[in-house]
Amino acid sequence: MAKKMLEVRQLTTKYITRQGEDVYSVDHVSLDIEEGKSLGIAGESGCGKSTLALSLMGYYFPPLHYTSGEIIVDGKTISGLDPDVVRKTVLGSDVAYIPQAAMNALNPTRKVGKFIEDVIRAHELPMDSKQIREMAEKRFALLGLPVEALDKYSVELSGGMRQRVVIAVSTILNPKVLIADEPSSALDVTSQKMVIKMMKDMMAKGLVKSMIFITHELPLLYNVTDDIMVMYAGQIVERGSAKEMVFDPIHPYSRGLMNSILVPEEGTRDVKLTAIPGTPPNLKHPPAGCRFAERCRYATPACKFNQMPIIDIGGGRQYRCGMSVEKLREVYASEQQ
Amino acid sequence: MQVSSNKEQMQTPADTRESVTFGANRNKDFSKEPLCLSGKDVTRVFHTGKTTTTAVDHVNFEFHKGELISIVGESGSGKTTLSKMLLGLLEPSAGEIFYRGEPRLIKSGKQKRKYWKGIQAIFQDPFSSYNVFHKIDNVLLDCINMRGGRNLSKDEKIAMMTEACSFVNLKFAELTNKYPFELSGGQMQRLMIARIFLLKPEILLADEPTSMIDACSRATILDMLLNLRNETGMTVIFITHDIGLAYYISDSIYIMEHGKFVESGRAEDVILNPKAPYTKRLISDVPKIHEPWDLSTVG
Chain A
1 MAKKMLEVRQ LTTKYITRQG EDVYSVDHVS LDIEEGKSLG IAGESGCGKS TLALSLMGYY
61 FPPLHYTSGE IIVDGKTISG LDPDVVRKTV LGSDVAYIPQ AAMNALNPTR KVGKFIEDVI
121 RAHELPMDSK QIREMAEKRF ALLGLPVEAL DKYSVELSGG MRQRVVIAVS TILNPKVLIA
181 DEPSSALDVT SQKMVIKMMK DMMAKGLVKS MIFITHELPL LYNVTDDIMV MYAGQIVERG
241 SAKEMVFDPI HPYSRGLMNS ILVPEEGTRD VKLTAIPGTP PNLKHPPAGC RFAERCRYAT
301 PACKFNQMPI IDIGGGRQYR CGMSVEKLRE VYASEQQ
Chain B
1 MQVSSNKEQM QTPADTRESV TFGANRNKDF SKEPLCLSGK DVTRVFHTGK TTTTAVDHVN
61 FEFHKGELIS IVGESGSGKT TLSKMLLGLL EPSAGEIFYR GEPRLIKSGK QKRKYWKGIQ
121 AIFQDPFSSY NVFHKIDNVL LDCINMRGGR NLSKDEKIAM MTEACSFVNL KFAELTNKYP
181 FELSGGQMQR LMIARIFLLK PEILLADEPT SMIDACSRAT ILDMLLNLRN ETGMTVIFIT
241 HDIGLAYYIS DSIYIMEHGK FVESGRAEDV ILNPKAPYTK RLISDVPKIH EPWDLSTVG
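Top line first, the protein sequences correspond to chains A and B. If you count the first sequence from 1, position 306 lands on 306 in our numbering, and the numbers rise without skipping. If you count the second sequence from 1, position 242 lands on 242 in our numbering, and the numbers rise without skipping.
What the hints contain is simulated information worked out from the structure, not anything from laboratory work. Remember, it's a predicted structure, so these values are computed and weren't measured experimentally. Cβ coordinates follow ideal geometry from the N, Cα and C atoms, glycine included. Accuracy of the hints is not assured; some may be wrong.
What the hints assert, rightly or not - Rough simulated footprint, nothing fancy, chain A against chain B, three-plus residues with beta-carbon under 8 Å:
#1 206 to 216
#2 230 to 243
#3 276 to 285
Please take these sequences and the hints and turn them into a complete structure.
Here's what the structure looks like:
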């Protein structure tokens with residue numbers, strides 16, 4: 001069995017609002033990723049995808065607070081550590097994070113090469129400027145990025161190039177887990193493809209040991225990651241391999257999501273999209289029972305009161321629903337006739 | 001159930017769902033309909049210091065009544081400049097735009113106001129599309145007043161607003177006395193469509209209306225735009241960079257590159273049998289479900 005790079009056990013984090021209310025945006029999430037594998041996280045806006053990404057770094061700052069659970073990266077527990085320790089010993093080397101607006105994160109008054117120096121200095125590694133420069137040049141060449149970019153200011157680079165530079169800088173210490181939160185959603189299709197190609201290259205060359213990729217674009221996830229996990233209202237509702245999740249989703253919510261896929265392929269024009277009615281629940285006052293019950297067309301009165309546990313059906317598949325897999329498939333099949 | 005690799009058996013829920021009819025306007029031949037907007041050699045040049053940029057370069061187009069047209073292109077291809085010219089917010093540097101077959105005259109304020117009665121727009125960012133000081137009732141009430149409903153009774157106005165809200169799956173009773181910023185992005189964009197429903201313009205220009213909301217709400221918005229077109233017979237010009245979305249929603253597609261239309265035609269023809277190399281590249285760069293995504297062809 002392959003080595004587990006990331007193990008998360010019952011991780012719960014919350015936001016504390018100005019009014020002092022607790023909002024649990026990541027609620028008892030457990031997941032694991034093996035070495036060399038990637039996991040995609042999908043879901044609607046506000047379902048807790050980005051909060052999960054932030055929580056997985058083990059680096060919390062208000063209004064986000066750690067409540068309970070464990071994060072283990074390659075055998076080392078990083079949850080509950082002092083933020084300063086996390087910044088020096090975990091970020092960049094164990095876990096690297098690329099936020100959505102990464103391409104706007106570069107200081108316009110510094111050259112790209114300087115950012116790499118900053119990363120090395122922050123981790124207090126014994127390297128001089130010349131060694132760092134050599135390392136940076138080697139890495140840029142390996143990733144197919146122009147070495148001249150090291151001597152440029154961020155404003156001189158195009159959006160797609162900036163995004164690739166940020167990814168290269170944040171993975172310079174070969175992190176064990178790379179968390180990418182919508183790294184390509186602000187780019188046009190051609191730049192997106194370049195970014196994705198580079199990320200896949202990094203995985204193949206072993207520069208990054210495992211990856212979490214967050215986006216609401218399902219065709220992209222299907223093509224990039226090995227597994228897909230669907231989140232809803234702070235909880236995992238289903239997990240499986242990318243193929244299973246797209247072609248045979250079990251949970252009614254994942255099924256609804258897969259119904260919203262739009263690709264330029266023959267046939268997509270002939271069937272009407274069906275949207276999931278309603279809006280996600282307010283997590284200040286989460287529903288007592290199944291969180292999706294309000295919007296689920298198959299919900300029974302009991303669903304609104306019974307908490308649904310996550311059920312493991314083997315083969316890496318999990319889902320959270322009161323109905324059995326057979327029953328759900330039966331219902332879906334009868335609908336098609 | 002084992003997922004097999006055979007393509008025939010590989011179906012997403014989307015492939016197997018019952019086909020719901022799109023209405024009579026789907027796949028109709030619009031070329032026999034009267035012209036709504038057309039353009040001949042429309043050009044727009046911007047001068048900044050010593051550099052000149054040709055944002056839109058000699059484009060020709062014919063938009064017919066009731067048609068749903070998509071203009072697809074990457075960032076910087078001139079989509080937004082063209083849409084501003086169609087809206088009458090920018091004047092073309094050369095060439096001419098025709099409205100109902102006649103040259104469009106919008107020199108004086110009076111002519112402009114008349115033209116703007118027939119054309120409305122939905123923009124990309126719903127969060128900055130509303131006046132934050134106006135309540136939602138006022139937003140909708142303004143639309144009724146603009147359509148000459150100023151002298152209607154209060155009950156009639158409320159009935160109209162309720163109808164418009166229910167068209168976009170919003171409940172008017174829950175919206176009264178609320179401000180637009182209290183809604184989510186998807187709800188705001190739906191409220192925008194409710195406005196259009198009340199105004200019933202001849203032409204609707206939608207500039208990337210779904211790019212800032214997630215895939216799930218996107219389906220709802222697209223559905224409503226299709227319904228709106230079927231119900232009112234308005235011409236919808238849809239501007240987007242998402243070629244999959246354009247294929248789903250439109251009757252005809254114009255592909256724009258560096259200010260020029262490189263390909264145009266019926267949606268099926270353009271997407272399934274692309275001729276121009278740029279269109280082919282654009283389609284191959286989009287991740288797909290049934291076909292492999294070839295990453296080796298990147299620049």
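These are the hints, each one checked on the structure:
no. : hint       : verdict
1   : 206 to 216 : holds (count 4)
2   : 230 to 243 : holds (count 3)
3   : 276 to 285 : holds (count 4)
In this structure, none of the earlier numbered hints is contradicted; all agree with it.
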